[in-house]
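Q: Construct the complete structure from the given sequences, taking the supplied hints into account.
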Amino acid sequence: AQTVTQSQPEMSVQEAETVTLSCTYDTSESDYYLFWYKQPPSRQMILVIRQEAYKQQNATENRFSVNFQKAAKSFSLKISDSQLGDAAMYFCAYAGNNDMRFGAGTRLTVKP
Amino acid sequence: NAGVMQNPRHLVRRRGQEARLRCSPMKGHSHVYWYRQLPEEGLKFMVYLQKENIIDESGMPKERFSAEFPKEGPSILRIQQVVRGDSAAYFCASSPRALNTEAFFGQGTRLTVV
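Chains as they are written, first to last, in our numbering: chain A, 758 to 869; chain B, 37 to 150.
If you are wondering where the hints come from, they were derived from the structure by calculation, not from laboratory data. Just so it is clear, CB atoms sit at the ideal spot from N, CA and C, and this is done for glycine as well. Mixed in with the good hints there might be a few duds.
[Stated by the list, open to error] Short derived list, chain A residues pointing at chain B, Cβ under 8 Å: (1) F792; (2) M802; (3) L804; (4) V805; (5) Q808; (6) K812; (7) R820; (8) F821; (9) A844; (10) R858; (11) F859; (12) G860; (13) A861.
A: What follows is the structure in structure tokens.
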């Protein structure tokens with residue numbers, strides 16, 4: 758089974774600054790998707806950004822962007838101009854054939 | 037188009053009782069995933085179902101847990117003879133097709149076993 762690893766249980770960032778959350782994964786598949794989900798205290802899972810493995814260009818959604826390194830099986834999330842509302846648990850996820858797995862999560866704290 | 041609906045949102049059961057968690061996927065979605073989240077932990081995959089079929093149940097405990105997704109009606113996660121360790125949030129997600137696509141999540145059912 759595919760595994761997803763988030764090596765940072767907790768991260769902290771000053772408001773308006775930039776933070777990068779790390780994610781690595783293990784797979785033998787060549788075609789798959791990668792996602793970052795945000796889980797605020799409400800516990801709702803909210804999709805932040807997605808990346809198709811066949812695309813070389815890194816996905817970007819407003820202040821959120823990824824650094825996708827397919828050969829290294831790395832998929833980090835960069836949050837620019839951090840806002841207080843960005844504080845949440847962030848989960849990296851892998852979706853392949855018959856499989857969707859999540860990392861253990863990174864708790865992001867935003868300091869005013 | 038309503039999102040993924042899970043009910044109940046909160047469920048309290050005494051040890052030894054049965055818990056039934058329901059998940060209605062988004063309209064047009066025939067693939068359902070169930071995840072368990074313990075406090076302060078990530079989502080652990082339990083089972084992946086397609087209409088009337090279990091595709092992958094490798095994350096589900098062998099005993100007391102079962103899941104179904106009938107042709108008509110919601111997907112059901114059933115936990116028999118609950119124990120305190122079953123207390124967790126259970127999330128359901130649905131997708132329109134099996135492969136390589138975003139899953140949409142419900143708001144979860146928080147199960148408390150007393």
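Q: Now look at each hint and say whether the structure bears it out.
A: Each hint, compared with the structure:
| no. | hint | result |
| --- | --- | --- |
| 1 | F792 | 7 Å, holds |
| 2 | M802 | 4 Å, holds |
| 3 | L804 | 6 Å, holds |
| 4 | V805 | 11 Å, violated |
| 5 | Q808 | 11 Å, violated |
| 6 | K812 | 12 Å, violated |
| 7 | R820 | 20 Å, violated |
| 8 | F821 | 15 Å, violated |
| 9 | A844 | 15 Å, violated |
| 10 | R858 | 6 Å, holds |
| 11 | F859 | 4 Å, holds |
| 12 | G860 | 6 Å, holds |
| 13 | A861 | 4 Å, holds |
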